[in-house]
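Please model the complete structure; the sequences and the hints are all you need to start from.
Residue numbers (numbering that gives the first Met the number 0), protein chains in the order written: chain P, 0 to 553; chain L, 0 to 589.
By construction, these hints were calculated from the structure, which means they are not laboratory data.
One or more of the hints may lead you astray.
What the hints assert, rightly or not - Cut-off 20 Å, straight-line C-alpha distance, at most; resulting in silico cross-link-like pairs (SDA-like, lysine to any residue):
no.: 1; chain 1: P; residue 1: Lys553; chain 2: L; residue 2: Lys182
no.: 2; chain 1: P; residue 1: Lys187; chain 2: L; residue 2: Asp119
no.: 3; chain 1: P; residue 1: Lys541; chain 2: P; residue 2: Thr491
no.: 4; chain 1: P; residue 1: Lys553; chain 2: L; residue 2: Val26
no.: 5; chain 1: P; residue 1: Lys366; chain 2: P; residue 2: Glu218
no.: 6; chain 1: P; residue 1: Lys187; chain 2: L; residue 2: Glu117
no.: 7; chain 1: L; residue 1: Lys182; chain 2: P; residue 2: His74
As the list claims (entries may be wrong) - Derived Cβ-Cβ restraints for the label pairs, each shown as a range:
no.: 8; chain 1: P; residue 1: Gly163; chain 2: L; residue 2: Ser242; range: 41 to 47 Å
no.: 9; chain 1: L; residue 1: Gly341; chain 2: P; residue 2: Arg545; range: 42 to 48 Å
no.: 10; chain 1: L; residue 1: Gln168; chain 2: P; residue 2: Asn73; range: 38 to 44 Å
no.: 11; chain 1: L; residue 1: Gln168; chain 2: P; residue 2: His206; range: 51 to 57 Å
no.: 12; chain 1: L; residue 1: Phe478; chain 2: P; residue 2: Ala20; range: 54 to 60 Å
no.: 13; chain 1: L; residue 1: Gly262; chain 2: P; residue 2: Asn145; range: 40 to 46 Å
no.: 14; chain 1: L; residue 1: Gly46; chain 2: P; residue 2: Arg194; range: 30 to 36 Å
no.: 15; chain 1: L; residue 1: Glu24; chain 2: P; residue 2: Arg27; range: 48 to 54 Å
no.: 16; chain 1: L; residue 1: Arg175; chain 2: P; residue 2: Arg393; range: 46 to 52 Å
no.: 17; chain 1: P; residue 1: Arg194; chain 2: L; residue 2: Arg175; range: 57 to 63 Å
no.: 18; chain 1: P; residue 1: Asn145; chain 2: L; residue 2: Gly569; range: 31 to 37 Å
no.: 19; chain 1: P; residue 1: Glu249; chain 2: L; residue 2: Gly341; range: 57 to 63 Å
Unchecked claim - For the chain P half of the interface with chain L, some residues (derived, Cβ under 8 Å), not all of them:
no.: 20; residue: Pro43
no.: 21; residue: Ser75
no.: 22; residue: Leu77
no.: 23; residue: Pro108
no.: 24; residue: Gly219
no.: 25; residue: Val473
Quick reminder that beta carbons are idealized off the backbone N, C-alpha and C, glycines included.
Single-letter residue listing:
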Amino acid sequence: MTARVVVLAGLLWAAAPAEEAALLKILRQELDRSFAILREKADPPPYFISYEVTDQRTQVVSATSGALTADSQNHSRLLDVTVRVGDYKLDNYHRLRGQSGFGGQGSGPIAISLDNDPDSLQASLWTHTDRKYRQAAERLIRIRTNRTVKVEEEDTSDDFSPEGPITASGPPATVDLQSGAWTARLKKLSAAFGRHPQVLTSRLALHVESRNQHLVNTEGASVEHGRNYLRLMITAQGRAEDGMDLDRFESFEAAEPGEFPSDERLLGVIEGMAGDLKQMRAAPVAEPFLGPAILSGRAAGVFFHEILGHRVEGHRQKDEAEGQTFAKKLGEPILPLFLSVVFDPTRRKQDGIELNGWYDYDNEGVKARPVTLVEKGVLKSFLMTRSPVAAVGRSNGHARRQPGAEVVARQSNLMVESSRRVPEAELRRMLAAEARRQNKPYGLYFRDIRGGFTTTGRGGLQAFKVLPVVVYRVWADGRPDEMIRGVDIVGTPLAAFGKILATSDRPEVFNGVCGAESGSVPVSAVAPAILVSEIEIEKQRKAQDRPPLLEPPK
Amino acid sequence: MKMKTGALALLASCAACLAQGSGSEDVVLRAMTDEMARAAAELRLEGLARPYYIDTLVLESDTYSGAAVFGGLARSRRTPSRSQGVHVRVGDYQLDNTNFSGGGGGRGAYDVYSLPLEDDYLVLRRHLWLSTDEAYKAAVEALARKRAALRNISLPVVLNDFARQDPVQALGRRARLEIDQKKWEERLREWSAVFRRYPKILSSRVEAEASAGTRWFVNSEGMRVREPEVLYLVQAFATAQASDGMRIHDSVWIAARQEAGLGSPAEVRARIDAMARRLSEFVSAGTLDTYSGPVLFEGMAAGQVFAEMLGRNLALTRKPVSEGARGGLGPAAGGLGGALDGRRKSRILPEWIDVTDDAAQAEWKGRPLLGHYEVDLEGVRPRRVELIRRGVLENFLLTRLPVKGFEGSNGHARLPGASGTWLAAPGNLLVTARETRPEAELKKQLIEMCRAQDREFGLIVRKLDFPSSASREDLVNIFSGQGQDERPTSIPLAVYKVYAADGREEPVRGLRFHGFSMRNLKDIIAAGDEPHVFDFIDSGSAFALMEGSYGAETSVVAPSVLMDDVELKGSEEQRPRLPVAPHPYFARQK
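Quick look at the structure:
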């Protein structure tokens, strides 16, 4: 990536701050009015209300094989209203046992006026505050009944933790995108796939978004912050002779358009992806295997995201429908003692690469801060919202959601640190040695992954899956690496952690989007490559179709 | 696949119109035709059947979508798009892979559903190539499974799977969207600001959509169709709440094939204003527990009744072959339609009413008909169909799917069906009464009947909530309030008591039809002499709710009708609490 020094990543001093403050003033006026009247006249009265407006300006440009496939823009403002009735100890967000989630308190996205028109905005705020209040009141009544009927709960912590009034503001995030230049550029780059018959379909897509958040609440918080998300994605698909779908995906993230890699570098990436697809076509299908492996930094990042990240989200520790793998393990070792894990939403870049998971304030208006989750193998905390758990009483700024959903604790930038670091060449030697020690003919090397998923519910499998894309056999006898295809990594979390032997000395970045109860949120995982003594792979579901019957048209 | 059926009301009706663009380069058409020819000639899996029929549909559209709330603009965006779909049939006209519930579509493995926006011949052909390949493989597999399933079933009646059809060449123009986005934003703000004068209205919004594009359809029998697809739509929604907690709603719906057809901005504003005024009136209206007696369906309401009652029941259903033990004929899964199956020659209406569908008709008494189209989704030209003659059901709306008693399309394939088939739906449904009374006399007749039956009042319904404009919250309540065994019936929105003593009218809110079905059509005892045109977009769902973007633009021309013996009862739906805080804008006005 060309080295650029960016003074303030994500912000361009373009629009006047006065416009932003105007919106906040309109929100505050209606918030105060509604709250005062409801406190006086509603039964049960609310004790807390917050409004958050997410203002998004997006542009999408995409091309395939030299032709434009999308070119559109959108500006939206979405409203989220939170109404709490009861008190900090017991309110309408208390878990209803026998029911997972928040019992439908989410509303789906609410679109409000893009103009700072007080009459229009306040009419919308009022309509939705009324609706939320009615839902909240009804739910509180059900909760009170539910508690008298069911068995005493295990975790009796409060439903809402206190926060002081916070004020923050700044110039809005904006992006200046020359869309004409980009359509030409994407068309040109996408045409490069045309030379490669093994690539059946491909696409280059640029997603550019300025997202600005405006939050007010009845504790006196008044927070405005924002950032840009720029993402260039390249996908290519092929198909093996036996019908297995093959695909490759690369993405680049930037704080502003000039930060993206040069054409030369991108063409190199495209050639590499096409080359991978060719190799994958020729590669043998993997057999189920249990043995040592290296996960590249990117693969390791996903591994930690799925196995660790989702199990330390605060709300899960209190929900008796959840597996609660780590709920009682605060202060105990859960990882090898040479590993530490920090979630740091204040980190914007890693080695010059823009991180997806940074933000200044979370969706409850709490200031972002680094959280040491695991220190030298020992579990120190959980990711917290303002919903406390027995062991951790306050938020640590990880309340996140997609507009329209209720907040839960979500990951930010996951950073794995290791004190047992070796150069990558040494890690490879260790892998071969471990294979020989276990009497296995080879170990595995996972170079890239597509993503993964995990289930955490008590009724489910409590397992995870990481979806590898580029995998090699590393032969114990030293012959060259052999690519294999059709592999999924499976496992259960506690077992997997104990098997990490060492890490490389160079972290890599995986930028992605995480989907869970509160919708899609952008995240990242930064980790060095890891050597595990035992990983289990199974065959991917394979499609039965053949490759296309006719030759491509000329 | 996204789709809105097209129409050609803008051009003078000309059958095989070779408008500008067809002689010169139409890259899309050429790519479709060339790839189709190659696939038809060469596509086959060794030892297995080759396709006997292939069709390809490409839909291009440029859509502007805007919305405003209470004077503030909430959305304004323009999205170009182009998508494609390919159907492949293997087997033959007697037995093929369609109409089978175990069929499924292609795997969707290739990312080719959206096409490039530009006319790049080679890239278009590549997308079609992969799409056709997938569709063929899915067809071969489906046919094999269908044959296996058929070994275990004996069908009561054996029908062919596909009717033959002479190919049509209908090359119309390509449509492009010309829109002044800034102007539309201003109009939306202005229209939505109308509600600032109506304090009884709790929430409201105005939406507009302008869409222009082209639909191409090519098949291996030689069909070549290119049709413009243009639609302008303005909607306004409003909800109010009476003092007893009952929520009521209403809407405005205006559609046209040209921007001018919507009416001037001032005319649109006037219509929204009239709706707001009426809704405000109804908020303070009284309620009624029950009513059983004559009802006058006036103007638009009559069209809505015919649309909902007859509408899609005029298509015969055919149950797909399924992999379980049960197969054969009967109502299609999904519940809608099928009420007229097997009822040919039975009486549906009084003998002085006829119902015809004539989608080829472009206008009625100088007013454009939204339901007009040149060719349906299978490329067949719509024929004038005499559906109900002298009150007796004679014919049905047909697609190329043979149904019991009928084989051969009459050009009414308009909505996506299951398992590779299309559903028939009306285009322009024309309800003609051979005996009519002057419009004003109908109300008099209603009053006379009330007097004769010793009733204090009768009812006039001027509008139904069809298609429904209820909010999600209200819809849930309405659905749950309906009887278990009843087919969902749209609710009446504008109902008035007419007092027998002096003819005075009084609005009534919260009524629901009870046991209202096609049977009631036989109780029509009089019709007016000023038919009204009712336009709407049919989606194939209950209440014509638009779940996806499929829509069949439809017109119903019908006279006002006086119906005897209609039952209604007061709504028993949940009544939410009234808002505790007053509306911020109206509180300030005081």
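Is 54 to 60 Å respected by the C-beta to C-beta distance linking Phe478/L and Ala20/P?
44 Å Cβ-Cβ, so the 54 to 60 Å window is violated.
Does the closest beta carbon of chain L sit nearer than 8 Å to the beta carbon of Pro43/P?
With Cβ-Cβ at 11 Å, over 8 Å, it is violated.
Against chain L, with CB atoms and a cut of 8 Å, does the hint on Ser75/P hold up?
With a minimum Cβ separation of about 7 Å from chain L (threshold 8 Å), the hint on Ser75/P holds.
Measure nothing beyond the straight line between the CA atoms of Lys366/P and Glu218/P; if it is 20 Å or shorter, mark the hint as holding.
holds (15 Å)
Holds or violated: Lys541/P to Thr491/P, with C-alpha atoms at most 20 Å apart:
violated (23 Å)
CA of Lys182/L to CA of His74/P, is that 20 Å or under?
holds (17 Å)
Pair hint Lys553/P and Val26/L, alpha-carbon separation not exceeding 20 Å:
holds (15 Å)
Please verify that hint: Leu77/P, Cβ, nearest Cβ of chain L, below 8 Å or not.
violated (10 Å)
Between Gly341/L and Arg545/P, does the beta-carbon spacing fit 42 to 48 Å?
Holds: the Cβ-Cβ distance is about 44 Å, inside 42 to 48 Å.
Outcome for the supplied range 38 to 44 Å, where the beta carbon pair is Gln168/L and Asn73/P
holds (39 Å)
Assessment of proposed distance window 51 to 57 Å (beta carbons of Gln168/L, His206/P):
Since Gln168/L and His206/P have Cβ atoms about 42 Å apart, the given range 51 to 57 Å is violated.
CB-CB spacing for Arg27/P and Glu24/L relative to the 48 to 54 Å hint:
violated (59 Å)
Taken one by one, the earlier hints fail for this structure at numbers 1, 3, 11, 12, 13, 15, 16, 17, 20, 22, 23, 24, 25, listed in ascending order.
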